[in-house]
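Produce the complete structure using the sequences and hints provided.
Number of protein chains: 2
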Amino acid sequence: MPNVEVLTNGQFQAVYNVLSLALASMGATTVFLLVVMNRVLPRYRIAVAVSAMVTLIAAYHYFRIFNSFSDAYVAVEAGAPGVADSFALIQGVGFNEGYRYVDWLLTVPLLLFETIAVLALPAAVRSSLLWKLIPASVLMIVLGWPGEITAEIAPKAIWGALSTIPFLYILYVLFVELSKAAKTQPNQVGKDLAGLRWLLLATWGVYPISYMFPMFGLDGADSFVYRQIGYSIADVLAKCLFGLLIYKIARVKSMYDDPQFAAVEMKEAPSSEKSSA
Amino acid sequence: MPNVEVLTNGQFQAVYNVLSLALASMGATTVFLLVVMNRVLPRYRIAVAVSAMVTLIAAYHYFRIFNSFSDAYVAVEAGAPGVADSFALIQGVGFNEGYRYVDWLLTVPLLLFETIAVLALPAAVRSSLLWKLIPASVLMIVLGWPGEITAEIAPKAIWGALSTIPFLYILYVLFVELSKAAKTQPNQVGKDLAGLRWLLLATWGVYPISYMFPMFGLDGADSFVYRQIGYSIADVLAKCLFGLLIYKIARVKSMYDDPQFAAVEMKEAPSSEKSSA
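Just so you know, the sequences run in chain order A and B. Going from the first sequence to this note's numbering is simple: count from 1 and add 4. Going from the second sequence to this note's numbering is simple: count from 1 and add 4.
Bear in mind the hints are in silico, worked out from the structure with no lab data behind them. The model shown is predicted, which means the values in this text are computed figures rather than measured ones. There could be a bad hint or two in this list.
As the list makes no split between identical chains, a pair holds if one copy fits it or if it spans any two.
[Stated by the list, open to error] List of simulated lysine to any residue pairs, SDA-like, C-alpha gap at most 25 Å: (1) Lys195 - Leu114; (2) Lys136 - Leu203; (3) Lys184 - Ala127; (4) Lys160 - Asp75; (5) Lys160 - Ser90; (6) Lys252 - Ala185; (7) Lys252 - Ala124; (8) Lys187 - Val268; (9) Lys195 - Ile50; (10) Lys160 - Asp89.
Okay, here's the thing in structure tokens:
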């Protein structure tokens with residue numbers, strides 16, 4: 005898709021600041037998750053470590069996206085000096101959006117891995133779920149890419165539709181098959197798991213909506229700005245908030261599994277029967 | 005708001021050095037808090053970890069603010085070579101103040117989180133306080149932004165007034181509701197908590213005062229310099245000093261909760277009856 009040639013000052017600042025916000029969020033979440041990783045029982049640490057890798061990979065990509073964006077445009081001062089009236093695309097530089105797809109190709113399978121890992125399901129069940137989810141997620145990202153780079157409506161619609169098939173299959177596995185497998189989870193974990201899935205659905209839903217902007221005739225500077233803001237906010241929620249929820253589930257399950265751990269970590273064990281046992 | 009076009013040598017140096025001071029403080033506080041995090045009982049570590057994330061995020065933003073400021077101006081040598089007489093804004097670069105708002109959007113909710121987390125209140129009370137404080141703080145920052153970027157007085161006053169509503173609500177929750185919830189805290193913690201709240205009120209008060217400068221007709225280079233210095237000092241107090249106070253409260257509470265921990269951490273246990281027991 006061709007880059008937008010001119011952005012107003014406000015449009016440029018909005019994209020610039022939201023990219024920086026995403027970078028800061030990803031970096032801080034990475035450090036936080038690594039620092040608190042040992043505050044859950046060993047069996048849940050892999051899920052927290054993988055969550056930190058997702059935000060680390062995303063921090064790297066946002067660093068690249070931020071630099072690519074700020075290098076691609078130059079301020080144009082038509083009136084008072086010191087006040088940019090607009091920002092113009094520099095000939096021969098270009099803003100690289102490919103980073104986003106590379107990021108998703110790495111992080112989306114890892115997000116599905118951490119979702120399954122935190123449940124500590126029996127090995128056979130976990131393995132079967134991962135063999136369904138991970139190939140489907142790779143297929144979803146790969147099929148979306150040809151549609152993203154074309155400006156034409158027909159191929160965009162076809163690749164978008166093809167990419168939707170594995171997306172729907174992932175939802176089926178998460179909402180139907182995973183529910184059966186996760187029936188035996190403690191009550192609070194059941195609620196958090198439901199929250200996790202809805203967060204995934206809500207944030208992943210932003211990507212196809214942004215993808216379809218050009219099909220609705222939204223393809224100028226405004227559409228570009230909304231897409232960047234939408235992708236960035238969705239990424240922060242889908243990776244940082246998601247990772248923190250994974251950590252919360254790991255904490256709740258650690259305390260549920262081991263009342264002694266709960267007694268050390270909190271003033272009391274979660275329920276009085278347990279602490280008196 | 006347009007950037008200031010010319011700064012005297014002294015004005016430029018003052019802003020440059022105070023931004024660097026803030027960056028150094030944020031970075032060092034982050035490392036310190038992470039290093040000493042395990043010197044409190046496990047139940048208080050989340051508050052110390054989140055305090056470190058606040059200063060980490062702020063360190064990132066001060067790094068960006070510092071670079072943005074020093075890239076935006078060029079030294080003008082009118083007299084003796086090697087002596088800058090003034091600093092002029094470079095055409096087409098600009099100093100980005102948006103970083104401050106992005107920083108507050110992330111750190112202010114986290115500051116409120118650490119304040120509640122360090123008290124180790126019952127889960128239901130903690131959750132209820134956080135559900136009041138965090139949305140209010142996000143609203144406060146978001147409503148302040150349109151007023152910050154405009155140079156006109158009327159919209160500035162309206163957005164400022166709207167932003168004040170959630171600010172007053174936060175103060176009400178912290179000074180009234182939190183007091184009730186924190187009644188059972190040990191004596192020293194009660195005093196430290198009072199200190200924490202007054203620090204928060206005093207430092208957060210700097211932001212609306214700086215915000216109102218242009219309404220008092222203060223809008224030249226001097227006002228810019230005072231605003232940068234005011235924001236930076238307020239940030240150092242509100243984040244570094246605040247984080248260190250959180251750590252102190254966590255230490256006091258750890259020793260109060262667990263005399264054995266106190267005996268290891270200090271030469272004597274806090275009270276003689278306890279050490280003789």
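- prompt: Can you name, in rising order, the numbers of the hints this structure does not satisfy?
  reply: Hint 4 contradicted; others consistent.
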